[in-house]
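**Student:** Chains as they are written, first to last, in the working numbering: chain X, 1 to 108; chain V, 109 to 216; chain Z, 217 to 324.
Heads up, a few of these hints could be off.
In the SDA-like style, the derived pairs of lysine to any residue whose C-alpha atoms are separated by at most 20 Å in a straight line are [to be verified]:
#1 X:12 - X:23
#2 V:120 - X:9
#3 Z:228 - Z:318
#4 X:12 - V:141
#5 V:120 - Z:297
#6 Z:228 - X:5
#7 V:120 - V:213
#8 X:12 - V:171
Label-pair restraints from in silico Cβ distances [to be verified]:
#9 V:197 - X:33: 46 to 52 Å
#10 V:141 - X:84: 23 to 29 Å
#11 V:182 - Z:301: 38 to 44 Å
#12 V:212 - Z:236: 37 to 43 Å
#13 X:20 - V:212: 34 to 40 Å
#14 V:181 - Z:290: 23 to 29 Å
#15 Z:247 - X:41: 17 to 23 Å
#16 Z:279 - X:31: 22 to 28 Å
#17 X:42 - V:135: 18 to 24 Å
#18 X:84 - V:186: 39 to 45 Å
#19 V:212 - X:90: 36 to 42 Å
#20 Z:305 - X:20: 23 to 29 Å
#21 Z:289 - V:196: 23 to 29 Å
Here are some chain V residues pointing at chain Z (derived, C-beta under 10 Å) [claimed, not checked]:
#22 115
#23 130
#24 181
Calculated from the structure, these hints are not laboratory results.
Beta carbons: idealized from backbone N, C-alpha and C, even for Gly.
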Amino acid sequence: MTTWTNLTPMAKIEVVVDGEDVPAVRDLFLEAGATGYTTVSGLSGLGHDGYHQGQLLFNDRASLSMLITVVPMERSEAVIAGIRRLLESRSGVLFVSETHVSRPDYFT
Amino acid sequence: MTTWTNLTPMAKIEVVVDGEDVPAVRDLFLEAGATGYTTVSGLSGLGHDGYHQGQLLFNDRASLSMLITVVPMERSEAVIAGIRRLLESRSGVLFVSETHVSRPDYFT
Amino acid sequence: MTTWTNLTPMAKIEVVVDGEDVPAVRDLFLEAGATGYTTVSGLSGLGHDGYHQGQLLFNDRASLSMLITVVPMERSEAVIAGIRRLLESRSGVLFVSETHVSRPDYFT
Numbered sequence: 001m002t003t004w005t006n007l008t009p010m011a012k013i014e015v016v017v018d019g020e021d022v023p024a025v026r027d028l029f030l031e032a033g034a035t036g037y038t039t040v041s042g043l044s045g046l047g048h049d050g051y052h053q054g055q056l057l058f059n060d061r062a063s064l065s066m067l068i069t070v071v072p073m074e075r076s077e078a079v080i081a082g083i084r085r086l087l088e089s090r091s092g093v094l095f096v097s098e099t100h101v102s103r104p105d106y107f108t
Numbered sequence: 109m110t111t112w113t114n115l116t117p118m119a120k121i122e123v124v125v126d127g128e129d130v131p132a133v134r135d136l137f138l139e140a141g142a143t144g145y146t147t148v149s150g151l152s153g154l155g156h157d158g159y160h161q162g163q164l165l166f167n168d169r170a171s172l173s174m175l176i177t178v179v180p181m182e183r184s185e186a187v188i189a190g191i192r193r194l195l196e197s198r199s200g201v202l203f204v205s206e207t208h209v210s211r212p213d214y215f216t
Numbered sequence: 217m218t219t220w221t222n223l224t225p226m227a228k229i230e231v232v233v234d235g236e237d238v239p240a241v242r243d244l245f246l247e248a249g250a251t252g253y254t255t256v257s258g259l260s261g262l263g264h265d266g267y268h269q270g271q272l273l274f275n276d277r278a279s280l281s282m283l284i285t286v287v288p289m290e291r292s293e294a295v296i297a298g299i300r301r302l303l304e305s306r307s308g309v310l311f312v313s314e315t316h317v318s319r320p321d322y323f324t
């Protein structure tokens with residue numbers, strides 16, 4: 001794994017949901033201790049959850065949003081747990097990746 | 109490399125192309141076994157492929173799209189191979205990163 | 217860390233700033249040797265820098281943009297240094313991640 005001078009590893013959490021679920025995801029981020037997030041709206045896509053949607057598999061959905069937050073590793077499990085519970089009843093996907101930031105105090 | 113409890117490593121494949129090539133990328137994703145994707149449209153940018161475009165290097169292009177899919181590692185080579193062939197004749201870039209998901213069955 | 221056949225590791229640098237700072241980030245990318253970038257505009261979000269903004273913490277900002285560039289590892293420190301200096305006086309966040317590309321010559 002590459003490292004960068006003076007950068008701190010963090011967890012980048014991306015959640016793609018229907019637009020109507022954006023407030024729920026945002027609230028979960030903040031309740032779990034995230035200090036910020038970015039929302040990309042107006043996405044389109046085919047759900048990775050086609051298996052669960054049966055014949056809707058090839059039905060493209062408009063008005064998806066992706067919410068992105070970056071949190072310290074030790075806080076990431078709480079964020080992930082909250083999103084997982086939400087996605088038990090709502091359509092959406094969750095991606096968690098390693099990233100690095102220059103000012104870790106902004107995220108804590 | 110950091111690991112997360114109960115998350116499964118996957119390949120995140122991002123492709124930035126002109127809007128007119130979105131259907132071709134989408135078809136390649138699905139033919140190679142991806143179960144979903146997300147499209148971010150209306151991007152602008154300067155092609156990383158300036159070297160190949162000569163004097164168009166500093167000519168910003170509007171109407172780019174980024175298509176994102178997440179597939180199991182063992183399926184990623186097939187997706188990548190398809191996109192590489194497409195990009196032999198079309199402008200665009202391909203990024204492949206490691207990510208982690210909570211419900212791997214959604215992606216297989 | 218997973219590796220992919222015939223892909224080359226690169227640094228993916230993402231910067232979220234107010235729309236008015238997009239030209240400054242773009243110029244820093246190119247001055248530091250990036251050969252391209254992609255801009256996602258029209259984002260909304262809550263600044264990760266709430267700590268520094270006091271009572272603006274819960275004031276969502278519209279018109280954010282995310283600029284994404286991919287550069288060789290050995291060039292990434294120069295790009296990061298330029299963005300860090302910019303963010304000393306401007307709001308914004310910087311994320312650096314490892315990604316992989318199929319045509320490294322496009323990025324050098």
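**Student:** Any hints this thing doesn't respect? Which numbers, in order?
**Tutor:** 4, 5, 8, 13, 15, 18, 19, 20, 22 and 23
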